[in-house]
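*Asks:* Model the full structure from these sequences, guided by the hints.
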Amino acid sequence: MTPTLMWTFQGMCCVFQMMKSKADEEDYWNSSKFKAFTFDDEDDEFTKLKESRQAVNSICGLVEEEEDEDEVEKVSWSGEPVGSEGISRFLSDSETGSGASASSPCVSCFLLPVSCRYLVVGQGDGVQPARAELPQDRHDAVAVSLEKFRSLQEKLLLLDEAVGVHDGNVITAVLIYLKKSLSKEVLFRELESRQTALRHFIHYLTESKEQRLLLELYRALGRTEDEALLQYKEHLRITDENKRRDFLKSCVSLPFSPEDAGHVQDHYTLLERQIIIEATDRQAETGGKVEIFQKFPRRASILNMPLITTLYYCCFYHYAETEGTYSSPANIRQTFRIAEKQYFVTALAARAKLKAWHDVDALFTSRNWLGFTRKKSPLSFSRVADILSKNNAPVQVLQEYVGLVDDVELRVALAQKYKCHFIVISTYRDLKDRQLLLGYRGKVERGSEEERKIDELLSNPQIRWKN
Amino acid sequence: MAHSARRDSPELPDFSVLKRLARDQLIYLLEQLPGKKDLFIEADLMSPLDRIANVSTLKQHEVDKLYKVEYKPVVSTSDQLCFLIRPRIQTVKWVCDVVNADKAAGKFKRYKIIFTPQKFYACETVLEEQGIFGDVSTDEWAFYLLPLDEDIINLELPEFFRDNFLEGDQRWVRTGGSALHLFHSIYGPFSKVYGIGRCSKMVYESWREQVKEGEQKARQAEVGTVFLIDRDVDFVTPLCSQVVYEGLVDDIFRIKCGCVEFGPDVTSSDKSIKVMLNSQDKVFNEIRNEHFSNVFGFLSQKARNLQTAYDKRRGMDIKQMKTFVSEELKGLKQEHRLLSLHIGASESMMKKKTKQDFQELLKTEHSLLEGFEIRECISFIEEHINRQVSMIESLRLLCLLSLTENGLLPKDYRSLKAQYLQSYGVDHLLTFANLKQLGLLVEQQPGETLTVMESKMGKLVNDKTAGKLTDAFSSLAKKSNFRALSRRLSLVPKSDEEYDLRVPRDMAYIFSGAYIPLSCKLIEQVLERDGWTGLEEVTRLLNGHEFAVTGSNGADLRPQSDAQRIILVMFLGGCTFSEISALRFLGRERGYKFIVLTTAITNSARLIEAMLDNHV
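As given, the protein sequences belong to chains X and D, one line each in that order. Here the first sequence stands for residues 551 to 1017, numbered as in the numbering used here. Here the second sequence stands for residues 121 to 736, numbered as in the numbering used here.
To be clear, the hints were calculated from the coordinates, so they are not data collected in a lab. Some hints could be false.
Taking lysine to any residue and the SDA-like style, the derived pairs with C-alpha atoms no more than 20 Å apart in a straight line are [said to hold, decoys possible]:
id, chain 1, residue 1, chain 2, residue 2
1, D, Lys475, X, Val962
2, X, Lys799, D, Asn734
3, D, Lys471, X, Tyr968
4, D, Lys471, D, Thr387
5, X, Lys799, X, Leu771
6, D, Lys471, D, Lys556
7, D, Lys556, X, Thr774
8, X, Lys940, D, Leu419
9, D, Lys192, X, Arg787
10, X, Lys783, D, Asn554
11, X, Lys759, D, Arg208
12, D, Lys471, X, Gln966
13, D, Lys473, X, Arg933
14, X, Lys940, D, Ser468
15, X, Lys967, D, Glu467
16, X, Lys967, D, Lys473
17, D, Lys473, X, Asn942
18, X, Lys925, X, Asp956
19, D, Lys472, X, Val962
20, X, Lys903, X, Arg887
*Replies:* This is the structure:
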């Protein structure tokens, strides 16, 4: 018997056996005297479970029997690497026999790689089968055997059995068959109560890019948010910015959660603005009239950048614009409800990058009602110093902010890190720590202003040193 | 530095057999297409292939030209094309395009697809749908086990993680079972198998099924104990910054298939070099498991020793010099080269880490693990996001926050998500949906509605259905019970005690003494207790699915036998180098030897990247 025929035969046997066992089952219930004793609520569920389990068991029995009959088949399949002598030496005592008897008696028998089986058969006989025949044979085998499952009940039993053996490959194979042989409505309905199978199906559709069917499935299941997200994801495929913007606009009305709907709306608004800003700025750049674009040519287009990148861009190129323009940072801040801290960090980084220290200073300055100015920041001053130093701010600028750090230890550490010597010196003076000051004298340059300052302090009789 | 191993530590089995096995099978498959042929190799199979065969091996078996699969039209003139690929629909579609293009041009060629480690029915359906079923022959190369090192075996299946845990696709379960089966058939029989996690259980069952038929002959086992663990049992550990040398190198330079590419900043030349990182590298072998803070001291000591060894040649006579050159110099030069590489790597890593305020980052992580000053942590993460520091890093911290706090407060969740989308793009909506699905980043549920509903439903239906329901619920929102687990298993040592990283006292050293990896702690506890007894509360918090099987079939059950003390730990969904280091430490302490069998080497970046969906 050739393997191919064998599998086809087995497939039919499965069906046959399944039907038979169902008949047996019915006989049993019909003749049973104990029927009245079943638990009312769970009766249906229980019966069905039992029924399919029996069917499955009987299939298992059948498969095992089959194997004993067909020894060739048993040696032929191997989940192990097959091939050269070197390998067989290691596997000789652990060769495990037929895969058909393995995890998935009923279902996976269709899916075992026939080619592998052939390889060994061929070897043993000293005959190489013609390769070209293999796939076709295999194909026929699968088609014939699966198509034997005609009634919905058989199909579902097949599916449940596949799920039961935990082999995703088999589950997907059955699903592919069910997809071909059941109407969408029926398939979707049945999948709803079969979570594992459903997830396999969704993954299969995702991988084979069957977008439309997947959307229908989500809709049928009432998974509206998944449906919306999947549709929204499509925008990534659209490269033309105007088409993408229009597509995003259509996404706004999709059934997102209220929170996500807001984000998608923002996405649309942002791209719409980016398109306008990009067009204007490109023109300005090529026109050569606007100084900032000459001094700092744009490295990339602003299209499809995140909101904060856009804000940074606008803080860089359009900082002074009045609130009325699309590209004004203030307008962006307001339109997209950007948090104070977030706005602050971005503006700070952009202005620091331009070395516009005056703007940086202005960001922090607030006037109280007496007209005095003082520095305020939604961000800790240590973080401010960090951002400034990363933008290569000079010591004069840095020390102003390092000096505002409240925590003395942190202030000294930062001052040392950024070489703000005067901050270190004045902090040590405030601490009245002569020893530390003396120690620091060795770290500053000889004959520098810092050294002079230290000497001046050390010789100041007014200071009451603590050590 | 050199930890004194317990004298009775057993020897590890020899894994080179596995390479030979895979190579022989590949050769056999190539010969199934006799004559000259061009070979197209999937990009992520190149490195694994490199480990077991070289170009000349392929050439010997009539492979003419080698190409990388790039999803572009091919320019091969050969009349036989062979494709060595993973069973992915996308790749198969590309092969179909190639074949159909040839057909349209009236070219007749022979095609063969070798799927590794196995083929999937869905792939063959593609061949059928594209009308080339029958024009292409297919085969399977059962290349499951790639030994990366003397104690690491890799399946090189990074997609296992996403497919199994996010998509809920069990396609790799059987692969896992087959891999275990192959290992078992060479190094078994196993006498004890422990495990935790849904996938572990399924893999165990798949393996049992595969073993069932061919009863093992009684023979000497080399590996007697197995522990299977799902990655989703412990997400916290792989999301932490790695600070042990090998892990840190992986975090920063990305070790690919046991090999790393050091750029010009490390080599201090204009070239990059690829270096194999394994126990063969004597310098690396001594520092790989060390906390990074010890590495510099060690390397400089090593450099001094080397200098002394070089200096020996001063005052040598000709004859001594001759022996020196022929016997020692080569080794010294080799050591010199390795030493300067690792010093270069350490320097480069130091630079990178100081630049991004590594200390502060670690402090935040440790606070999260400890459940201390959570508000400060949140504002640290917020600033991270505001400043558009690494998109991956921000997500990693958010996930850590969610896992350790059992979800974010709705207010925090909304605000952080909104700021994240503003900083890195709204298309990360898709990423957030994935993270929620997997339970990595979730909103706290008001009250314990979930549990109440579960138990009510549970009473209504019988046990099996209840189990299914629980599964359905846990897949909807897998609860993280990190805090409770941490208390039960004392994962976070008391912070007031000094921790000497040079003389580690427990596995916490791999995280600077701040945290004992949950995954490794579970392994330790189960081995100690010889099962799950006494860990009932822990397994309940981990959503169950634990098992312990003590089989016999001729296996040696004496607990003191060597095979019993060689333990195979199979990570389903990947493990980190830090976890491997922790297990090596545990092994030294307890006289075990651990072999790690993993679907892939992972780290926080890979884990998060697998969740990204903001690309086509």
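*Asks:* Going back to the hint list, which numbers does this structure go against?
*Replies:* 5, 6, 8, 19 and 20
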